[in-house]
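Visitor: Chains as they are written, first to last, in the numbering used here: chain P, 1 to 348; chain H, 1001 to 1348.
These aren't lab readings, by the way, just hints derived from the structure by calculation. Keep in mind that the hints are not guaranteed to be accurate.
Within a straight-line C-alpha distance of at most 16 Å, the following computed EDC-like cross-link-like pairs (lysine to aspartate or glutamate) qualify [claimed, not checked]:
#1 H:K1071 with P:E148
#2 P:K150 with H:E1190
#3 P:K80 with P:E92
#4 H:K1080 with H:E1092
Protein chains: 2
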Amino acid sequence: MRIAVDVMGGDHGCGVVIEGVKRALEADDKITALYLSGKQEEIQDALQKAQLSDSRVQIVHASEVMTMEDKPTVALRKKKDSSIARAIDLVEQGKADAVISLGNTGGILTFATFKLRTLPGVDRAGIATVIPAPDNEFVLLDSGANIECKPLHLLQYAVMGSVYSREILGYKKPRVGLLSVGTEDGKGNELTLEAFKLCKQIDINFVGNVEGHDLFANHVDVVICDGFVGNIVLKTCESLAMGMFEMLKRELIRNPKRQLGAYLAQNAFRAIKRRMDPEIYGGAPLLGLNGIVMKSHGSAKERSIMNAIRITTESVHNQINQTICTEIQRANERLAATKSDVISSAQA
Amino acid sequence: MRIAVDVMGGDHGCGVVIEGVKRALEADDKITALYLSGKQEEIQDALQKAQLSDSRVQIVHASEVMTMEDKPTVALRKKKDSSIARAIDLVEQGKADAVISLGNTGGILTFATFKLRTLPGVDRAGIATVIPAPDNEFVLLDSGANIECKPLHLLQYAVMGSVYSREILGYKKPRVGLLSVGTEDGKGNELTLEAFKLCKQIDINFVGNVEGHDLFANHVDVVICDGFVGNIVLKTCESLAMGMFEMLKRELIRNPKRQLGAYLAQNAFRAIKRRMDPEIYGGAPLLGLNGIVMKSHGSAKERSIMNAIRITTESVHNQINQTICTEIQRANERLAATKSDVISSAQA
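My request is simple: use the sequences and hints to build the entire structure.
Guide: Pasting the structure below:
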């Protein structure tokens, strides 16, 4: 298995990325080649510092870096020798099976869509973020790639999310829900009402509409929404979780009795922080592209990078994209059959 | 001040509502009349049980109740003698200054919009929910009334939310933000991009786009969005908060050491629960209607009802609706002036 890592786009420089790569290489001998895309000198320095000398590592020099400020469509034209471009090139050329980047999400999406194209039958890529809840983990798709969605995009997310939950998270028959303002069939906006009808027709475990209250109540394993709503939901959850930890901290240090209590119970707090840690998955895949593309948090550190590489190799190993293609094709056939049923019954 | 309370729509029957009313009457002598709308017999029983005999209380009999299952538009035609209809009638007829109900949100909205109409210059009512964050409280508007919004509706929410935050929550110059997928000016969907341009033109403290991360980070006091997004955000926050308390509880009882710690620190947990308790405000106003309308949680109990009445009387006392009218008019004048500026400069 051959993985390309864009080492340049993170907040902490390429050093931590290479530390993460080192740990991933140590843990996984199925990786046969690991390409590091970025500025050659910086990478060489970081390799030396990390004492990483592994014959599987190859540097792919790129003279430019896409920054968080770069407008994706402009970068696509102007930063052709950027580390993300070079890393994706390797997948396009068949030299790598997957690519990981910590950079600008919009940029990765733009470069990857342009160079790799979407899978047959898929119109738009979507970001699938795994979110921990008390009794399960759910996939939120799309969490920010596709701001203006069409109903058919949501249907495709339903199929892709279902495959991802099953193949990577191990849910045998993932419950797929459409995020809306109520659980009744008729609740929703124009987009979700139309998507609802489509999702009912295909062969997934579609549980219908779900609302915000269902998300952390073990009612759903795959939450489908447009990228505008998904991005807001994801970031709101991150913000509220941090807010609650902050409130808890302030209350716990308010007097010595509480401080002692907090000290005795500290492992409970640690367990929750660990459980809610976005570093567990290290990143979120951009599903629906003709190649495995993983976006890591800009602030990702070693463990996060290592985990992102692990999830990526699992995606390659479990042939996520082949399964998506098969199931998307089946869904499209179902939709076409229903449509022709409707037409023929109208003609009858 | 005269308040109408629809006592029928709650989950716990009319008894708890009347207990709440009793406490509110004891606490507030500015209330001169309190109408209880609902089934006369049930109300009389509950009054007796609560030992409430106050000359300000008047029963307004209504033979029907709108349930959570009732379709609002159908109820509007079929349940003309429902407790919510009768309560709103009192406001329409000028006998009450405000109305409070625990019932079906869509139903309250439909009846209130039909009977009271919106304020001059306001196209759609919106639900303003107050959400506690570590360092402030923000108003989320619209949190579920108006599923398909137009840009001008969001502008009107910006004005109304700003008034509410200032007059009821006491923020002198509330920071109003438009909920989007990034803080940069160009981020958003068709609706928010257009609303952004409008909000820039009027005289509020508009801080531009905010994203999910800003919500609990004291960056914004009034969060503007359409009712689809707002309802999902509100319910997701409630679900995540409950999920985190659940995870915490499970971790804290895992062994005796943690249990002791939890026991010593219990007041810290209580303080947070209190801080995040939706009962503090007891309800959310439907802003933009020609009358003060407060929606309480279906599960509201005494304290919550008492608080809802308190907020309602404050809204009446602070002349929220008069202020909204003035500021909406000023905003419309600004928009009209900008438009004519654009036209005259185009003609120049």
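Visitor: Taking the hints in turn, state whether each one holds.
Guide: Comparing the hints with the structure gives:
1. Distance check on the hinted pair: K1071 (chain H) and E148 (chain P) sit about 30 Å apart at the alpha-carbon level, beyond 16 Å; violated.
2. At roughly 14 Å between alpha-carbon atoms, K150 (chain P) and E1190 (chain H) fall within 16 Å of each other, so this suggested pair holds.
3. A hinted pair counts as satisfied when its Cα atoms are at most 16 Å apart, and K80 (chain P) with E92 (chain P) qualifies at roughly 14 Å.
4. At most 16 Å may separate the alpha-carbon atoms for a hinted pair to count; K1080 (chain H) and E1092 (chain H) meet this at roughly 14 Å.
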